[in-house]
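Sequence order for the protein chains is A and B. All residue numbers for the first sequence refer to my numbering, where the first residue is 1 and numbers rise by one. All residue numbers for the second sequence refer to my numbering, where the first residue is 1 and numbers rise by one.
Worth flagging that the hints you see were computed from the coordinates, not collected in a lab. Bear in mind that the values here come from a model prediction, so they are computed numbers and not experimental data. Note that the Cβ used here is the ideal one computed from N, Cα and C, for glycine as well. It cannot be assumed that every hint is accurate.
Unchecked claim - Okay, the calculated bits of chain B under chain A, using three or more residues with CB under 8 Å as the criterion:
| hint | stretch |
| --- | --- |
| 1 | 59–73 |
| 2 | 111–118 |
| 3 | 182–191 |
Claimed, not checked - Just a few of them, taken from the derived set where beta-carbon distance is under 8 Å, the chain A residues facing chain B:
| hint | residue |
| --- | --- |
| 4 | T50 |
| 5 | M51 |
| 6 | T61 |
| 7 | I71 |
| 8 | H118 |
| 9 | P119 |
| 10 | R122 |
| 11 | F140 |
| 12 | P144 |
| 13 | R178 |
| 14 | G189 |
| 15 | K190 |
| 16 | Q248 |
| 17 | S281 |
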Amino acid sequence: MLHLTPLQIEDAAKALYIQALKSLPPDVKAGIDRLAANERGETAKSVLQTMVTNIRVAEDTNNLLCQDTGIPIYNVTIGRNVSLGDGAHFDGAALKAAIIRGCTRATTEHPLRSSVVHPITRKNEHTSCGAGVPVIHIDFSDSPDVLELEMIPKGSGSENNSFLKMAIPAEGIAAVKRFVIDSVIAAGGKTCPPTIVGVGIGGTSDLCVHLAKKAATRALGTLSTDNEAAALEKELSEAVNLLGVGPQGLGGDATTFAVHIELAATHITMNPVAVNMQCHSARRARATFTPSGVSFGF
Amino acid sequence: MAHHELSLPVTEADARCLRVNDTVTLNTTLFGIRDASYIALFDKGRSTRFDLSGHAVIHTAPNVRKVPVSAEHPAGYAPVCIGTTTSDRMERFTRALMQTCGVRFIVGKGGMREGSLAAFREFGGAYLAIVGGTAALETTWIEQIEDVDLDDLNPESLWRFKIKGFGPLLVAMDSHGNSLYDAVKDDVDSKRAAALARLGVSA
Chain A
1 MLHLTPLQIE DAAKALYIQA LKSLPPDVKA GIDRLAANER GETAKSVLQT MVTNIRVAED
61 TNNLLCQDTG IPIYNVTIGR NVSLGDGAHF DGAALKAAII RGCTRATTEH PLRSSVVHPI
121 TRKNEHTSCG AGVPVIHIDF SDSPDVLELE MIPKGSGSEN NSFLKMAIPA EGIAAVKRFV
181 IDSVIAAGGK TCPPTIVGVG IGGTSDLCVH LAKKAATRAL GTLSTDNEAA ALEKELSEAV
241 NLLGVGPQGL GGDATTFAVH IELAATHITM NPVAVNMQCH SARRARATFT PSGVSFGF
Chain B
1 MAHHELSLPV TEADARCLRV NDTVTLNTTL FGIRDASYIA LFDKGRSTRF DLSGHAVIHT
61 APNVRKVPVS AEHPAGYAPV CIGTTTSDRM ERFTRALMQT CGVRFIVGKG GMREGSLAAF
121 REFGGAYLAI VGGTAALETT WIEQIEDVDL DDLNPESLWR FKIKGFGPLL VAMDSHGNSL
181 YDAVKDDVDS KRAAALARLG VSA
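In isolation and in its complexed conformation, chain A is listed as follows (with noise of 0.2 Å):
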């Protein structure tokens, strides 16, 4: 049985938000690092020398990568066998008090800017928090004894590219295909390429846009598990880096590290696809709780 109690939901949920702004996992770095090995153009080396220069100095200055601490998401994965609170059922309430009461903390005590209003008046309450925000995801696993505590802020550049499209199957997978490439020359620069693309398929509307969040912020070099899925992913991301939009738009070979796709099925009638971007500072950042204590990671 693992116990956990609020203060260690908080204290994590506080420095995953402060890890993630601060280090990229290897997995990112890795990409950034195969991208400006394999580019062509003059001014794209640059830029993606520039983004490598940037991953050094914020750790030797132990700076966030990026101004834009975006929207807080905490992915919250719970194994069987987990309690939280008083050691014999999991309160689930706690739970979501806590990751609210770090995600705060991390932006008045670090200090951080808290990038998120009231979606009318534009009010900012300076805690990173607000009406559905942070955005918890609350899922479970087979594991015993583990929760898993991912965080990922997700910057704006990125995130106001996001596109949906209700395909019908008449329009098949080629409706697919042609709207992921679309979708990459619509966004240009404003995403700041290089990009993780992430694509859902299928599912609803609202399942279908999930998906593709999930895709683009899956870690670097991981596969879809459907097969047909997994082939498309290497052929979207072939198609994408022959576009030249290049890394900040500015033109070149790295527009994409990788496209991802993660999909549901659908109804017979629907044919759903959408495309959610993540940013060359792919950010996030993972805390695995077991009985031996607490591990952070990507």
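Starting from the structure of chain A, add chain B where the hints point.
Frame of chain A, contents of chain B only:
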């Protein structure tokens, strides 16, 4: 592809010297502006006590720490992390920014559109591209937060930064009607068919 070291403010002639693909390093002063401060100035009729004439603005809202006012921190803010946001959202304000405030340069990322290009040509100015998402590096080019106005909009206040060696930045749009973004867009449009063909899809 010349490199220019410029101290702000600059003259119209200085601004018209710049050509796309030149690089620029800025010194002395840089003003931070973005969505809410643009809306306040140009949609809501508010004004600023800052004289932006001949100056450069950067599209930013910084991470700052509130500190006591001192010689080191005259505005009561210490910089934490200062970077650049996507410029395209602010496209419709460029003309007013140049015409009524006399701004010469916009430092931003991702590029701007034809309205801005026309304003750069008409008034004499340029768009200086910074590498988005590299704020840790950018912060090392900022010496101090000198002043702040419209601070009820914090963090989207109007900021005045003291800068040293801010760059190199890439001249991506100039006063001669040239835009690297237009050139890339034309190139990408011409490559779309090949990318779709690779996918076995008709254009």
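For each hint, the structure was consulted:
Counting residues of the stretch 59–73 of chain B whose CB lies closer than 8 Å to any CB of chain A gives 7, which reaches the minimum of 3, so the coverage claim holds. Counting residues of the stretch 111–118 of chain B whose C-beta lies closer than 8 Å to any C-beta of chain A gives 1; at least three are required, and the coverage claim is violated. Coverage of the stretch 182–191 of chain B by chain A holds. Counting CB-CB distances below 8 Å, 7 residues qualify, and the rule asks for three or more. Proximity of A:T50 to chain B holds as hinted, the smallest CB-CB distance being about 4 Å (cut-off 8 Å).
Hint on A:M51 holds. Least Cβ distance to chain B is approximately 6 Å, under the 8 Å limit. Given hint, A:T61 at the interface with chain B, holds; its Cβ is 6 Å from that chain's nearest Cβ, closer than 8 Å. Restraint check, A:I71 versus chain B: the minimum CB separation of about 14 Å is more than 8 Å; hint violated. For the restraint placing A:H118 at the interface with chain B, the shortest Cβ-Cβ distance is roughly 13 Å, beyond the 8 Å limit, so the hint is violated.
Evaluation of the A:P119 hint against chain B yields a violated restraint, the C-beta minimum of about 13 Å exceeding 8 Å. Using the Cβ-Cβ criterion of 8 Å, the hint placing A:R122 at the interface with chain B is satisfied: the shortest such distance is roughly 7 Å. About 34 Å separates the beta-carbon of A:F140 from the nearest beta-carbon of chain B, more than 8 Å, and the hint is not met. Taken as an interface hint, A:P144 does not check out: its beta carbon lies about 39 Å from the nearest beta carbon of chain B, beyond 8 Å.
Hint status for A:R178 relative to chain B: holds, with the closest Cβ pair at about 5 Å, below 8 Å. For A:G189, the interface hint holds, the least distance from its beta-carbon to any beta-carbon of chain B being 4 Å, beneath 8 Å. Restraint check, A:K190 versus chain B: the minimum CB separation of about 4 Å is within 8 Å; hint holds. The beta carbon of A:Q248 is positioned within 8 Å of a beta carbon in chain B (closest approach about 6 Å), and the interface hint is therefore held.
Hint status for A:S281: holds, given a least beta-carbon distance of 4 Å to chain B, under 8 Å.
Comparing the model with each numbered hint stated earlier shows that hints 2, 7, 8, 9, 11, 12 do not hold.
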